[in-house]
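Asks: Line order of the protein sequences matches chains A and B. For the first sequence, the working numbering gives the first residue as 1, with consecutive numbering after it. For the second sequence, the working numbering gives the first residue as 93, with consecutive numbering after it.
For the record, the hints were derived by calculation from the structure and aren't laboratory data. Be a bit skeptical, because a hint or two may be false.
What the hints assert, rightly or not - Under the rule of at most 20 Å between Cα atoms (straight-line distance), these lysine to any residue pairs were calculated in the SDA-like manner: (1) B:K333 with A:E72; (2) B:K333 with A:C57; (3) B:K123 with B:L318; (4) B:K333 with A:N86; (5) B:K329 with A:A15; (6) B:K329 with A:D74; (7) B:K240 with B:A321; (8) B:K333 with A:P67; (9) B:K333 with A:D65.
Predicted model only: the values in this text are computed from it and were never measured.
Below, each chain spelled out in residue letters.
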Amino acid sequence: MQLDQRFQVSDDVVAREVAGEMVLLDLASGLYFGLDPVGSRIWDRMSEGPCSLADVCDLIEAEFDAPRDQIESDILALAAQLSEKNLINTAG
Amino acid sequence: MLELESLPARVQPALASAPYDRWVTPEGEVKAEFHRQPEGFLVRFPDEADFAIDLVHRRAAGWPAPETTPDHFDSLFRHGVLPMVGNHLGGLFLHGSAVVIDGQAVAFLGLSRSGKTTLAGALAKSGYAFLTEDVIELVPSGDAYLLKPQRSKLRLFVDSAAYLLGNEFAEADLDDDDKHSVAGGDDLPFSDVAAPLARLYLLGRDHDAPLAIKALEGQAALTQLLPHAFVLDVEDKPRLKGHFCRIAELSERIGCYALDYPREYGELPAVMTAILADLEQN
Numbered sequence: 001m002q003l004d005q006r007f008q009v010s011d012d013v014v015a016r017e018v019a020g021e022m023v024l025l026d027l028a029s030g031l032y033f034g035l036d037p038v039g040s041r042i043w044d045r046m047s048e049g050p051c052s053l054a055d056v057c058d059l060i061e062a063e064f065d066a067p068r069d070q071i072e073s074d075i076l077a078l079a080a081q082l083s084e085k086n087l088i089n090t091a092g
Numbered sequence: 093m094l095e096l097e098s099l100p101a102r103v104q105p106a107l108a109s110a111p112y113d114r115w116v117t118p119e120g121e122v123k124a125e126f127h128r129q130p131e132g133f134l135v136r137f138p139d140e141a142d143f144a145i146d147l148v149h150r151r152a153a154g155w156p157a158p159e160t161t162p163d164h165f166d167s168l169f170r171h172g173v174l175p176m177v178g179n180h181l182g183g184l185f186l187h188g189s190a191v192v193i194d195g196q197a198v199a200f201l202g203l204s205r206s207g208k209t210t211l212a213g214a215l216a217k218s219g220y221a222f223l224t225e226d227v228i229e230l231v232p233s234g235d236a237y238l239l240k241p242q243r244s245k246l247r248l249f250v251d252s253a254a255y256l257l258g259n260e261f262a263e264a265d266l267d268d269d270d271k272h273s274v275a276g277g278d279d280l281p282f283s284d285v286a287a288p289l290a291r292l293y294l295l296g297r298d299h300d301a302p303l304a305i306k307a308l309e310g311q312a313a314l315t316q317l318l319p320h321a322f323v324l325d326v327e328d329k330p331r332l333k334g335h336f337c338r339i340a341e342l343s344e345r346i347g348c349y350a351l352d353y354p355r356e357y358g359e360l361p362a363v364m365t366a367i368l369a370d371l372e373q374n
């Protein structure tokens, strides 16, 4: 997985923010997942339309107090998990 | 919501279609199978009953299996089919019992055999009338919800009935694994008036856990509520989305609490005291 890869959220996922945290329901599997506040912000950004992981890193760097390399590492890891569970798809 | 035509008992025929969904217990037992039919759905409870659901005309036809008692057949329809259809049609139904405490509804959600009916019965015996034993039907009312009463009976295993009522159940066969219908009355008062929902308690799965009440916030509340809802068509994505959003709104508007306690009859007085104190404090 690379930072210049573009992703979009799956049409099969419905998301709901509850008390600042996101809960995702995968309609295809019936499974649900929780995201912490940073993960929720990342999901928000991806929900706005296809974007690269670098775009997401820029957003998180602007809004949260964390070193860039840590942000990139965390977002690559989260994107890999979301992709593996088919919650996000690669976008053209 | 759905009119039932009860048809004569029959041996369940083989079905041409493959089920699009199944309810399977953790032990692997199939409790229900869901089939599509031209006019709607057929829900099969293996060796118990079939229900053909015609949503266009809002009616159902049901066939008990030969060994199924009328009371169990009625329970399968009321507690299994009706809530699923209700959610499918945009309602809000959960698996649980409820009582009235100080004019407000307090609900207990739990899986089968989690003790929710016994707990509601114990509270009823203490003077807090029960509203329902197995199905929570909620009607939005502004930012709140009204919990509607269901039928005025509790279906209890014989040991629970003996604990709550003594009398004819005191010498019953404790190996009897069937539930028995007990009518509400002076000993177990029933309320036939809808009450505003004050709180949801989710009964823990560990039946040996010590008594504890813990608030569930945000994600935890929503994800722990979802398994207690009923879904008829897991492949109908627009309806699933709507259902998910309704449960999410419920989790945001009503306090949700995890309730653990040892499933021993001698512990129930302490459990009820803790619930009443929790309601008083919060």
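Asks: Can you confirm whether the C-alpha distance between K329 of chain B and D74 of chain A stays at or below 20 Å?
Replies: violated, 31 Å
Asks: With a cut-off of 20 Å on the C-alpha distance, tell me whether K333 of chain B and C57 of chain A pass.
Replies: Roughly 29 Å between the alpha carbons, so the hint for K333 of chain B and C57 of chain A is violated.
Asks: Is it true that the CA of K333 of chain B sits at most 20 Å from the CA of N86 of chain A?
Replies: holds, 17 Å
Asks: Quick one, are K329 of chain B and A15 of chain A close enough, alpha carbons at most 20 Å?
Replies: holds, 13 Å
Asks: Hey, K123 of chain B versus L318 of chain B, does the alpha-carbon distance stay inside 20 Å?
Replies: holds, 19 Å
Asks: Within a Cα-Cα threshold of 20 Å, do K240 of chain B and A321 of chain B meet the stated pairing?
Replies: At roughly 16 Å apart (the allowed maximum being 20 Å), A321 of chain B and K240 of chain B satisfy the hint.
Asks: Can the restraint linking K333 of chain B and P67 of chain A be considered satisfied, given a maximum Cα separation of 20 Å?
Replies: violated, 37 Å
Asks: With the threshold set at 20 Å, check whether the alpha-carbon distance from K333 of chain B to E72 of chain A stays at or below it.
Replies: Judged against 20 Å, a Cα distance of about 32 Å means the pair is violated.
Asks: Next pair to validate is K333 of chain B with D65 of chain A; report whether the Cα-Cα distance is within 20 Å.
Replies: Between K333 of chain B and D65 of chain A the Cα gap is close to 34 Å, so the pair fails against 20 Å, i.e. violated.
Figure legend: structure checked against the earlier numbered hints; hints not met, in rising order: 1, 2, 6, 8 and 9.
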